[in-house]
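> Protein chains in written order, with our numbering: chain Y, 255 to 496; chain B, 255 to 496; chain V, 255 to 496; chain W, 255 to 496; chain E, 255 to 496; chain S, 255 to 496.
A portion of the hints provided could be inaccurate.
Any copy will do: because identical chains look the same in the list, a pair fits if it lies in one copy or spans two.
The calculated DSBU-like cross-link candidates involving lysine-lysine, where the alpha carbons are at most 30 Å apart (straight line), are [stated by the list, open to error]:
no., residue 1, residue 2
1, K475, K426
2, K475, K485
3, K426, K485
4, K470, K382
5, K382, K475
6, K470, K426
7, K382, K426
Hints are computed from structural coordinates only; laboratory data are not their basis.
6 protein chains.
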Amino acid sequence: MRILVVNVNTTESITDAIARSAQAVASPGTEIVGLTPYFGAESIEGNFESYLAAIAVMDRVMAYDQPFDAVIQAGYGEHGREGLQELLNVPVVDITDAAASTAMFLGHAYSVVTTLDRTVPLIEDRLKLSGLWDRCASVRASGLAVLELEHEPQRALEAIVHQAELAVTQDKAEVICLGCGGMAGLDEQIRRRTGVPVVDGVTAAVMIAESLVRLKLSTSKVRTYATPRPKNIIGWPGRFAR
Amino acid sequence: MRILVVNVNTTESITDAIARSAQAVASPGTEIVGLTPYFGAESIEGNFESYLAAIAVMDRVMAYDQPFDAVIQAGYGEHGREGLQELLNVPVVDITDAAASTAMFLGHAYSVVTTLDRTVPLIEDRLKLSGLWDRCASVRASGLAVLELEHEPQRALEAIVHQAELAVTQDKAEVICLGCGGMAGLDEQIRRRTGVPVVDGVTAAVMIAESLVRLKLSTSKVRTYATPRPKNIIGWPGRFAR
Amino acid sequence: MRILVVNVNTTESITDAIARSAQAVASPGTEIVGLTPYFGAESIEGNFESYLAAIAVMDRVMAYDQPFDAVIQAGYGEHGREGLQELLNVPVVDITDAAASTAMFLGHAYSVVTTLDRTVPLIEDRLKLSGLWDRCASVRASGLAVLELEHEPQRALEAIVHQAELAVTQDKAEVICLGCGGMAGLDEQIRRRTGVPVVDGVTAAVMIAESLVRLKLSTSKVRTYATPRPKNIIGWPGRFAR
Amino acid sequence: MRILVVNVNTTESITDAIARSAQAVASPGTEIVGLTPYFGAESIEGNFESYLAAIAVMDRVMAYDQPFDAVIQAGYGEHGREGLQELLNVPVVDITDAAASTAMFLGHAYSVVTTLDRTVPLIEDRLKLSGLWDRCASVRASGLAVLELEHEPQRALEAIVHQAELAVTQDKAEVICLGCGGMAGLDEQIRRRTGVPVVDGVTAAVMIAESLVRLKLSTSKVRTYATPRPKNIIGWPGRFAR
Amino acid sequence: MRILVVNVNTTESITDAIARSAQAVASPGTEIVGLTPYFGAESIEGNFESYLAAIAVMDRVMAYDQPFDAVIQAGYGEHGREGLQELLNVPVVDITDAAASTAMFLGHAYSVVTTLDRTVPLIEDRLKLSGLWDRCASVRASGLAVLELEHEPQRALEAIVHQAELAVTQDKAEVICLGCGGMAGLDEQIRRRTGVPVVDGVTAAVMIAESLVRLKLSTSKVRTYATPRPKNIIGWPGRFAR
Amino acid sequence: MRILVVNVNTTESITDAIARSAQAVASPGTEIVGLTPYFGAESIEGNFESYLAAIAVMDRVMAYDQPFDAVIQAGYGEHGREGLQELLNVPVVDITDAAASTAMFLGHAYSVVTTLDRTVPLIEDRLKLSGLWDRCASVRASGLAVLELEHEPQRALEAIVHQAELAVTQDKAEVICLGCGGMAGLDEQIRRRTGVPVVDGVTAAVMIAESLVRLKLSTSKVRTYATPRPKNIIGWPGRFAR
């Protein structure tokens, strides 16, 4: 089976890290294909960039010309998953949902530790829309930007561990979700430091995507995610024009 | 004062109707400028089209090179308002929120009557995110597509009245919101037929936009809607590239 | 257009301040009439006084013998708005709702800063009933009584600014609502001190009342706010006896 | 022990029926004193009348010059209970809360059957404020006015039974609350007809009032229901002037 | 009337204390019978022990061979009440619900102070399921185990008072519920120390059980708590085998 | 890897069917071990039976003397999962949660179709406690008992399809969850008949259990599901005595 793992930003090294992390947990027969959008911001830390990424991710997936079995949208708290679900007939898994959904099997409440404070409301809103908010103890910001995670891994780790510890002691979280695609691979270290299970959305999403494919389940097309009606799309420079 | 009223689809005749409707209620000193996105779908009836519209609306507003005092996003239940709020320093009013917020001053519960059933969950989700869901009795679909509203006005009117009556008698709505920018101008007829106040999001949004400008209030920049951080945006064919 | 702005307490100087503040933002053609109840407490800081004010406000409005186009109830978190809506055919706007509703167009979450801690639950409950609670980050008390606001304006300002800052930094509010009619006029100073938009319910209510009148919208009479049924009212010393 | 049972309307025959019903279930040592407000409407079916009753009930209780141990406010879904709680040091029990609270010990969900449809939102709102809404399956209106209950008992019974049956079969209620003080005494007949437990708020409130007195528990005075602060109350023709 | 008060653990001295406390507030004609389960843990501080207690309580009640009028399950936040309600035709009152329900008549919000932190989520979940969560300000742990309450009463008292004070000052609770059957009898001391009403679930439950019996009300049998269908129960060493 | 799939009732043929269904979707290296409790009811259709099953399942798992990697509790809406999580260090997956969690990746809302109406509130409550309720459109009963599913498969299928269709058309479900372990294997037929994805909790749980094991994630032990404290457990005839 082939699973597309689409980065939401245009930084190739993050795409590579995500894809490596995904491949590391994939089943023997699963091929992970990492995709970087053709346009958009180098990192996503707000609504404007996230909306642009929503379209860029759809554009990139539509441009992929080989068969595939599932798509993972590898941005935490980003817009766009619903659009992909309309456009595709294969399962679409957002890492925000994947991490939260997995965390709920591991503890009574979970927290998310993300990058900048300004992204916290986006994540909260996405979890609310996905119906996975009820057992969320908190969404906390480490204060580091997405690209700082890459360039200052040790400082990032410390900042994330610090917030994770506060989530456990103050907010009563029993599980931590890593709230950024760029945190892929940090889960084990943070688990050792905090003593609670740590869920990385990318690897969780690989499990869920594989599971849905194995169970032959895909997006319901009866209402919200029905295929778009045929209509004129004008002026668009990319692949949606018809 | 100048208020931009941005259509979410690329159908100019709808832009014109919306702008006319907005100008009709605007204060003497207010100039309404109707804008049509440069790209996107001729009508928005789902998530993919709505996400594309989100970017198209931002793109069109950023391309407007005259001063303006407020922006109205004239799509019901569409994505994107938060992005505009980040990009601009003037108030941004979405007609979804404007209609609901106004309706809550008029009755204990309101319903929305929209176009196709597939758009109902989008509207519900936007109202939930905006914190205006609590007094929503129902979102009902007339079953007519956006463009059918234009081409078959009488049939559209009957279908909307029918659902509005069900909203009042079965769902206990006391106010009806017109759930599509393309319904602008139908409010008075529907009010006469149903006996309850009918709120058109476009005219409600003009009032709110004017009010915010008069009160010198605009979007808070301390967190969720802070100006995007400077960063590399690549590959984008439109106006966001830096 | 004529808008009645009714104080909820019997302190004339507060009525004057509220009316002045309202007139300052009203449109050229709008006449603001400040009304003080004929009976009740000099300030409202609890349920008993608030219930008495509810009747006193209705009594005062019913005693007003000139035509008017809308009524503003200028008490924060007080009882009674629903009664006025039943008795009148013109729009009724409570400043509690007006401030919250306006704040929601300006930021992702808002806080209210009010007077005494004992009034916090009243405000919370009114916001819940009005369906405007979902995006409320907190209701905070400055610790100053209503009349202290009048007599010690500088101390009041400091106390309100202090709580507003806590609301922003700790509760993640992005907008502040002034939680007392007697705070009218303080918005600009608090905005400068805190850096976030500050909404004064009185001026916000003027905008909304004018807007509803301009849109020819008024209270729905089909259910909750239907005109009271004709019935014997006995023993009442005021204007409701029939 | 002496318990005041205060009717919310001015119809003496209803006061008598309520008091009789209360006395019938009271413990041997309990004296029930039925009180009729000195002013107000003959029946309460809306917010204006209910707010007037709120003050009238407080006025009547304050005028009572003998010692008493608890007060029952015998109106379903009416305003005012919080004011009484501030003014008194003895327990105050509203029959709305008493019925709902009791019903929740008897089944997984309960419904309320009340009089006119226009009072349904009042009852829903009171239950929400009291924190007793979560297990409410529905509030249904029999369509009969309060005074019709008195004058046409058999027709009233049939209408109530009909709605109770719909509550059980359609709304999945397992218990029925009688949603009007004037329904006191009908519980046994409705139970026989519907096969589910039927709770009359008046008798339930007697049990709770007696229980609180026996346990020496009364209203907390630390915050919401603290005694009103001493202040000037002017112009009031009744007993609150100081 | 005879009321069974069933301890959830197997420690006889706790059963005795609970029964004494219950008898002390019972009406003259009421006989309290304290029952200790035949099996289970010496104290209940988690889900496994609580599930075992659920069955042990049902087993013990079914083994009681004299008539009785009501049953009180005297564990705070434990499982099992719904099973008893199915098996019996007399009212069943859980002290968790009894305390919360009573507290809601005394203040705008209540907190629970319990034993170990690990039991907090159990109590929260039970209150949510019972529909009594809405006005809960917090559930706080004293940090003392159930049996320490018995052996170190003074230290327990101090720890409970400390958390109760935090509940009042920080969480804005106006009433405290004692969150453990083994705290029976401490209410008066804690009330004196904190200045707020303190509700002991055991005595509150006696009042409610007596009240339901006096009102001839018992569990609805139409749906959730219908008598179990006749079926083969195998292998069970206790009293449920048929 | 070895996964224990524990039936909640004592009917061996249901255990076999569940285990077969689980093995059919398991990965090559996964061994499914079906377990039947040593005691309890032949089918679980209510709280008493479900509480008994909770203990019986824990008892059966504790008696299993071989190593294993995860446990699936194969009853829909049953009690007990939290107890197993305390007792074990390997992941525990309840099929109720597994089905709902999986369904939420497939559509905007899901419904559950179960057996008897009396079990509907149990399922609703379990979904609420698990934080998976928000996107549940409805829980519907087919009206057939658990054992009728076995003995009258065709009639069961028709009844389930009928309710699933109502869930889609009336409740706006986009995905159907099979609400009984005994429905394992019916998913494909119901999907064909209704046109929406159908999730069987047993196969979904196998995917999740395998995923958690592969990701080396297990139950958090810091709070709610901490290992039971050592204590005296007396009188218990089974395996928990120490």
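> Each hint should be assessed against the structure and marked as holding or not.
Results of checking the hints against the structure:
Taking the shortest alpha-carbon separations for K475 and K426, only the inter-copy value of 12 Å comes in at or below 30 Å, while the best intra-copy value is 38 Å. In this homomeric assembly, K475 and K485 come within 30 Å of each other (Cα to Cα) only inside a single copy, at 18 Å, whereas the closest approach across copies is 38 Å. Taking the shortest Cα distances, K426 and K485 sit within 30 Å of each other only across copies (25 Å), while inside one copy they are farther apart (49 Å). In this assembly of identical chains, K470 and K382 lie within 30 Å of each other by CA distance both inside one copy and across copies; the values are 27 Å within and 28 Å between.
In the homo-oligomer, the alpha carbons of K382 and K475 lie at most 30 Å apart both inside one protomer (22 Å) and across protomers (23 Å), since each shortest distance falls under that limit. Only between protomers do K470 and K426 lie at most 30 Å apart by alpha-carbon distance; the minimum there is 22 Å, versus 37 Å within a single protomer. When the C-alpha separation of K382 and K426 is checked against a cutoff of 30 Å, the pair qualifies both within a copy, at 19 Å, and between copies, at 17 Å.
The earlier numbered hints are all upheld by this structure, with none contradicted.
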